[in-house]
Amino acid sequence: MKEILKNLNKAFENKIRLGIMSALVVNEYLDFNSLKELLDVTDGNLASHLKSLESKNYITFRKEFLNRKSHTKYFASAEGKLAFAKHIKAIEQLLK
Amino acid sequence: MDKQNYLEDLKDIKEMMNRSSRFISLSGLSGVSAGIFALLGAYAAYEIVYSNQNYLNYRSAYLSTESILNLFLVAAATLLGALSTGIYFTTRQSKKLKQKIWDLQTKRLLINLAIPLVTGGVLSLLLLKEGYIGLVAPLTLIFYGLALVNASKYTLGELRSLGILEITLGLIGVYFIGYGLIIWALGFGLLHIVYGLMMHFKYQQP
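As they're listed, the protein sequences go chains A and B.
In terms of my numbering, the first sequence is residues -15 to 80.
In terms of my numbering, the second sequence is residues 14 to 219.
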């Protein structure tokens, strides 16, 4: 039991961060606006959750310029994918 | 957090994975309407090809320039009918699901659908130009099936098995080339209606 709880990740206990990771692991990348629409959150709210995932190295981003407008693409990092898979597995075991 | 919360988390994860990577607004009814237009189109084509034929030569078709032109018109009308009703039902469904009709998922679906479809369409036109009329009906089935298999990753998973059935019918159609039009009607008409109804009752129920 202790082992399982250790694999539960605090970073994913927030609905929005959970949503961000779920979307990013099944897509090559998503831009800021797609994420915003998917999660139905405000710019500031999304930005702060992205920052927190970024600080844990779970996601990376790349800034590009499209028609002079900056356009940020977000990716799930290898580390993030691994942590997320562990988290899901821990939940599944907990529910068994 | 208790178990209920985690159970909800798992549901959210699954839902978000689907919604972010697949176009889920595809309407079953658009399959049904495409199927009906295909059957009408096939009937009209049958009338054009097999009327005024010499029935001693069973199932061999000779086409005049005029009937080829008529066939093109029938094909265009069928495509237009199927596409416009398909777009109508799918837009309606996306409104119901509160999804945007034109987003990343839609674009990805259409591009992956288009690559095999356009290839098959161009190839069919090239073969038609060389006079291989009989091959066109089964080839459109084969390439349409390949397009569905390719696109199924980006929308409702049922399209994959529908695609495999279309490919199989297409190959059968190449073997029994005289029955091309009938097999085409089975593939584009009947299969669409059956799959459309199946998906309608699976996904549309409130």
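Simulated from the structure, these hints should not be mistaken for laboratory data.
These numbers come from a predicted model, not from an experiment.
Please note that the accuracy of each hint is not assured.
Stated by the list, open to error - Pairs of lysine to aspartate or glutamate residues, derived as EDC-like cross-links and limited to a Cα-Cα distance of at most 20 Å, are as follows: (1) 53(A) - 116(B); (2) 47(A) - 76(A); (3) 24(B) - 76(A).
What the hints assert, rightly or not - Stretch by stretch, here's where chain B covers chain A in the computed footprint (C-beta under 8 Å, at least three residues): (4) -5 to 3; (5) 6 to 14; (6) 18 to 32; (7) 64 to 78.
Beta carbons are placed, not taken as given, at the ideal position from N, Cα and C, and that holds for glycine.
Outcome of the hint check:
1. 53(A) - 116(B): 18 Å, holds
2. 47(A) - 76(A): Violated, because 36 Å separates the two Cα atoms, which is more than 20 Å.
3. 24(B) - 76(A): Given that 20 Å is the threshold and the Cα spacing comes to 11 Å, the pair holds.
4. -5 to 3: With 4 residues closer than 8 Å to chain B, the segment -5 to 3 of chain A meets the three-residue bar; holds.
5. 6 to 14: holds (count 6)
6. 18 to 32: The restraint on the segment 18 to 32 of chain A holds, since 3 of its residues have a Cβ under 8 Å from chain B and three suffice.
7. 64 to 78: Holds, because 4 residues of the segment 64 to 78 of chain A bring their Cβ atoms closer than 8 Å to Cβ atoms of chain B.
The structure does not agree with numbered hint 2 stated previously, though it agrees with all others.
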